[in-house]
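Visitor: The hints should help you fit chain P onto chain R, whose structure is shown.
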Amino acid sequence: MSDTKKFLYVNRKAPYGTIYALESLEVVLIGAAFEQDVALAFLDDGVFQLTKGQDTAGIGVKNFSPTFRALGDYDVNKLYVERESLEERGLTEDDLQEIMYEDEDDDWAEKPSIRIVSRAEMAEIMAEQDVILSF
Amino acid sequence: MSTLHTVNKSPFETQTLLSCLNHCREGDAVLLIEDGIYGGIEGSALSEIVKESAAGVSLYVLNEDVKARGIDPGRLLGEVSGVDYEGFVDLVTQHDRTQSWL
Numbered sequence: 062m063s064d065t066k067k068f069l070y071v072n073r074k075a076p077y078g079t080i081y082a083l084e085s086l087e088v089v090l091i092g093a094a095f096e097q098d099v100a101l102a103f104l105d106d107g108v109f110q111l112t113k114g115q116d117t118a119g120i121g122v123k124n125f126s127p128t129f130r131a132l133g134d135y136d137v138n139k140l141y142v143e144r145e146s147l148e149e150r151g152l153t154e155d156d157l158q159e160i161m162y163e164d165e166d167d168d169w170a171e172k173p174s175i176r177i178v179s180r181a182e183m184a185e186i187m188a189e190q191d192v193i194l195s196f
Numbered sequence: 213m214s215t216l217h218t219v220n221k222s223p224f225e226t227q228t229l230l231s232c233l234n235h236c237r238e239g240d241a242v243l244l245i246e247d248g249i250y251g252g253i254e255g256s257a258l259s260e261i262v263k264e265s266a267a268g269v270s271l272y273v274l275n276e277d278v279k280a281r282g283i284d285p286g287r288l289l290g291e292v293s294g295v296d297y298e299g300f301v302d303l304v305t306q307h308d309r310t311q312s313w314l
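Heads up: the protein sequence lines correspond to chains R and P, in order. Numbered per the working numbering, the first sequence spans residues 62 to 196. Numbered per the working numbering, the second sequence spans residues 213 to 314.
Same shape as in the complex, but just chain R (with noise of 0.2 Å):
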């Protein structure tokens, strides 16, 4: 039961105005379970999500960007964020928040979980998959 496969969680909507963005993280909390090789991958308004500095207690619905930063306990260490999706949007990566996890094969050091890459290295890490879900 070694054969792990590469799943890529494709995240292309801001995080409020619809539900996908929500469901896309439960499926990767549920994902993270059957111990496969997660990656998430932000693009176009995806990049939203990863913000600092949400605050949604005024429009009644629960703030899940902390949940990010957990997702690091579930070996879930591989956010890749579109370079040019957040230049079209105006936002640098100083825009988006610290998200670190412990590198169990380094000491556990602190690492970043987002790694910013280019539209043509987000296209071949999407060639590189064995699964794409798309939210």
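No lab work stands behind these hints, which were simulated from the structure alone. Think of the CB as a built atom: it goes at the ideal place given N, C-alpha and C, for glycine as much as any other residue. Hints may be right or wrong, so weigh each one.
In silico negatives: residues of chain R with every beta carbon more than 10 Å from chain P [said to hold, decoys possible]:
hint, residue
1, T65
2, Y77
3, G78
4, K113
5, Q115
6, G119
7, N124
8, S126
9, G151
10, E154
11, K172
12, S174
Which residues of chain P face chain R? A few of them, derived with a C-beta cut under 8 Å, are [stated by the list, open to error]:
hint, residue
13, M213
14, S231
15, H235
16, C236
17, R237
18, Q311
19, L314
Guide: Chain P only, in chain R's frame:
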């Protein structure tokens, strides 16, 4: 190693088709289904950019969805091939993975 991409939204409503084409690699296929088939129309405001972005990519439409919407297959881009549901299944089996763009 190649990918079959499916797009089910009109490019006049969302950026999904263009984003998909911008993430395709040489040898990939894009199948337009449901309202996605409107992206295959020749002479639209988007047909030039679709053709340009789809260089190196095979474009398909699902015939049933074209017919359902009253679009004459003669109005589609020359680069687009029509497939039926069986052809859809063939495309899935001919590629290493399928990516549904929502």
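Visitor: If a hint holds in the structure, say so; if it doesn't, say that too.
Guide: Results of checking the hints against the structure:
Residue placement check: T65 of chain R keeps its beta carbon more than 10 Å from all beta carbons of chain P (closest about 16 Å). Listed as outside the interface, Y77 of chain R is consistent with that label: its C-beta sits roughly 17 Å from the nearest C-beta of chain P, beyond the 10 Å cut-off. Annotated as non-interface, G78 of chain R keeps its C-beta farther than 10 Å from every C-beta of chain P; the closest such distance is 13 Å. For K113 of chain R, the condition that its CB be more than 10 Å from all CB atoms of chain P holds, with the nearest at approximately 25 Å.
With a least CB separation of 22 Å from chain P, Q115 of chain R remains clear of the 10 Å interface cut-off, as annotated. Consistency note on G119 of chain R: stated as away from chain P, and its beta-carbon is indeed over 10 Å from all of that chain's, at 28 Å minimum. Here N124 of chain R stays apart from chain P, with its beta-carbon at least about 23 Å from theirs, past the 10 Å limit. Residue placement check: S126 of chain R keeps its beta carbon more than 10 Å from all beta carbons of chain P (closest about 21 Å).
Against chain P, the non-interface label of G151 of chain R holds: every CB pair exceeds 10 Å, the least being about 16 Å. Against chain P, the non-interface label of E154 of chain R holds: every CB pair exceeds 10 Å, the least being about 20 Å. The non-interface label for K172 of chain R is consistent with chain P: the shortest C-beta to C-beta separation is roughly 26 Å, beyond 10 Å. Non-interface status of S174 of chain R relative to chain P is upheld: no Cβ of that chain comes within 10 Å, the nearest being about 22 Å off.
For the restraint placing M213 of chain P at the interface with chain R, the shortest Cβ-Cβ distance is roughly 6 Å, inside the 8 Å limit, so the hint holds. At about 5 Å, the closest approach between the beta carbon of S231 of chain P and any beta carbon in chain R falls short of 8 Å, and the interface hint on this residue holds. Here the hint on H235 of chain P is kept, as its CB sits about 5 Å from the closest CB of chain R, short of 8 Å. For C236 of chain P, the interface hint holds, the least distance from its beta-carbon to any beta-carbon of chain R being 7 Å, beneath 8 Å.
The beta carbon of R237 of chain P is positioned within 8 Å of a beta carbon in chain R (closest approach about 5 Å), and the interface hint is therefore held. Given hint, Q311 of chain P at the interface with chain R, holds; its Cβ is 4 Å from that chain's nearest Cβ, closer than 8 Å. Interface restraint check: L314 of chain P against chain R, minimum CB-CB distance 5 Å, threshold 8 Å, status holds.
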